[in-house]
Structure formats: structure tokens, C-alpha cells
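Colleague: Sequence:
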Amino acid sequence: MRLDKFISDNSILSRSQAREAIKKGLVKSDGVVIKKADFQVSNDKNKIEYDGNIISYRKNRYILLNKPAGYVCSTNDPDSPTVLELIPPELSKKVFPAGRLDKDSEGLVLLTDDGELSHKILTPEKHVPKLYIVKLAECFKIQYIDLFASGISLGNGEVCMPAKVFPVENNDLWAIVELKEGKYHQVKRMFASAGNQVEYLFRFCMGNLQIPEKLAIGDFMELMHKDVEKLLEPPDYNCILQNLYVYFSSYLINK
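Using the working numbering, the letters of the sequence shown map in sequence onto residues 4 to 258.
If you are wondering where the hints come from, they were derived from the structure by calculation, not from laboratory data.
Source: prediction; values computed, not measured.
Here a beta-carbon is modelled for each residue, glycine too, at the ideal position from N, C-alpha and C.
It is possible that part of the hints are untrue.
To be verified - In silico lysine to aspartate or glutamate, EDC-like type, Cα no more than 20 Å apart, as pairs: (1) Lys258 / Asp175; (2) Lys8 / Glu225; (3) Lys138 / Glu202; (4) Lys183 / Asp149; (5) Lys62 / Asp12; (6) Lys38 / Asp12; (7) Lys62 / Glu225; (8) Lys258 / Glu172; (9) Lys167 / Glu181; (10) Lys96 / Asp80; (11) Lys31 / Asp12; (12) Lys183 / Glu236; (13) Lys62 / Glu93; (14) Lys144 / Glu181; (15) Lys50 / Asp12; (16) Lys26 / Asp41; (17) Lys123 / Glu232; (18) Lys62 / Asp117; (19) Lys96 / Asp12; (20) Lys27 / Glu52; (21) Lys106 / Asp222; (22) Lys96 / Asp117; (23) Lys96 / Glu119; (24) Lys191 / Asp107; (25) Lys106 / Asp80; (26) Lys123 / Glu236; (27) Lys106 / Glu88; (28) Lys186 / Glu128; (29) Lys138 / Asp105; (30) Lys186 / Glu202; (31) Lys123 / Glu184; (32) Lys138 / Asp175; (33) Lys233 / Glu128.
Unchecked claim - What follows is a set of in silico ranges between Cβ atoms, one per label pair, in the way DEER data are often shown: (34) Lys62 / Gly160: 33 to 43 Å; (35) Ala152 / Lys50: 49 to 59 Å; (36) Glu119 / Asn46: 13 to 23 Å; (37) Lys96 / Ile145: 40 to 50 Å; (38) Lys96 / Val162: 37 to 47 Å; (39) Leu218 / Asn174: 15 to 25 Å; (40) Glu161 / Met227: 31 to 41 Å.
Let the sequences and hints guide you as you build the complete structure.
Modeller: So this is what it looks like as C-alpha cells:
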């Protein structure tokens with residue numbers, strides 16, 4: 004593989020930025036400065052460095068985005084901005100959203116080029132839980148717990164898989180929902196079937212992967228392999244809920 008392509012494929016640099024870095028002598032292969040963009044390297048044999056930092060080969064890319072409202076989870080939409088517009092162009096050309104999050108909702112969206120992983124986390128048979136925190140129009144009612152657990156009907160023949168719901172401590176307009184599937188506008192439709200309305204929705208967690216406290220709305224980060232593995236791990240609810248309440252008290256409560 005050409006050196007400039009290797010750098011572009013495995014970093015946030017574009018192909019032209021990689022060529023410029025090579026030209027400036029900022030790139031080494033196995034400790035030797037290389038100034039030719041077409042220098043041939045192997046994915047798993049050469050040690051490539053850019054400006055003193057090692058660039059490791061990655062078969063796939065994984066980006067965690069804290070989605071703001073107003074963006075759609077699509078690679079292209081004629082009427083609305085897409086989540087791909089929130090990341091650099093050199094990354095957006097290589098990834099797609101793994102699942103949907105409503106245009107007016109916020110929170111965790113995974114962007115990747117790994118179709119196999121995307122299928123694993125989205126198929127209901129894998130039972131990968133997604134955790135949401137929602138603000139309701141009316142106070143939380145204790146009967147919601149049994150309604151959601153029994154598989155609530157959406158009123159058009161669709162019946163949801165059993166789900167968990169419970170109120171946020173000391174604030175009865177907020178609730179936490181755990182789903183293991185992803186029907187269209189599911190959380191909103193579930194509460195509508197229960198006689199309430201969702202005014203705000205934030206996805207905090209998928210599997211055991213959660214939004215970091217310091218990742219602001221609209222920001223993104225590339226995930227390391229150890230973090231990607233958390234998507235398929237059972238959730239550590241003690242840790243997740245503790246962090247969720249911190250996030251809620253510092254940011255979401257003002258919604």
C-alpha cells in the first residue's frame with residue numbers, strides 16, 4: 004500500500020494532508036524518514052510514525068458521536084443535515100451511522116464502516132440494550148413499569164419486546180428507558196400508548212459503551228478497540244446509572 008494511503012486510511016489526515024506531511028519529513032517508516040508518498044508499506048509489518056506518533060493499522064473505523072438535535076442519522080438527506088456533516092470530510096466518506104436516532108433527539112450515535120458489527124448491535128436477537136433518558140410532558144406513573152415489562156402495544160398491531168423503565172430520582176418528569184430493539188420512534192410511541200408524551204430524548208448508552216462526561220453535544224471521538232468491545236458487553240448498570248445521574252445533574256436537567 005502507498006504510504007500516503009496508509010496514513011489517510013488510519014488517521015484523521017486526508018490523502019493530500021498525508022502527502023504534505025511526507026513532503027515535510029514528518030513521516031517515518033521503521034525509524035527512517037520517508038519523503039515519497041508512493042513508498043510501499045505493509046499494514047502489519049512496518050512501524051509508521053507521523054510527527055512522533057505511531058499510526059497503527061485499523062481494519063475498521065469506529066466513531067462515537069454525541070449527536071445534537073436537528074441532524075438525521077443518514078448518509079444523505081435532501082431536506083436535513085446529516086450526522087456525517089459533524090465529522091471531518093476525510094472521515095465522513097468512510098463511515099455510516101449504525102442505527103437511527105430521531106432528528107430531534109440527542110446522544111450516542113456510532114459511526115463505522117464495520118457492517119458486521121453494525122448488524123450485531125442492531126439485531127434484536129443479539130439483545131444489545133440501549134439506554135435512554137427522557138423528559139415527559141406529564142409525571143411518571145408507576146404503572147409504566149409493568150406496561151413496558153409486559154411488551155407494550157403501539158396500537159397498530161406492533162408489540163414491543165419487554166423493556167425496562169423507571170423514574171429519575173427526585174424528578175418525576177424524567178424517566179430512564181432500556182430497549183433491546185429499535186422500532187421507528189419507539190420510545191415516543193411507547194409513552195404515547197401509555198398516555199404520556201416525550202418532550203426530550205437522550206441516548207446515553209449502547210451495550211456497556213456510554214457517552215463520556217466530557218464529550219459535549221456535537222463532539223465526537225474515535226474509539227479504541229477495547230471501547231468497541233464494550234458495545235457487546237453486558238451493561239454495568241451500577242457504573243452506568245451513576246455516570247448518567249452525573250450527566251443529568253450537570254447538563255440534562257436544564258432541558
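Colleague: Would you list, in rising numerical order, the hints stated earlier that this structure does not obey?
Modeller: none
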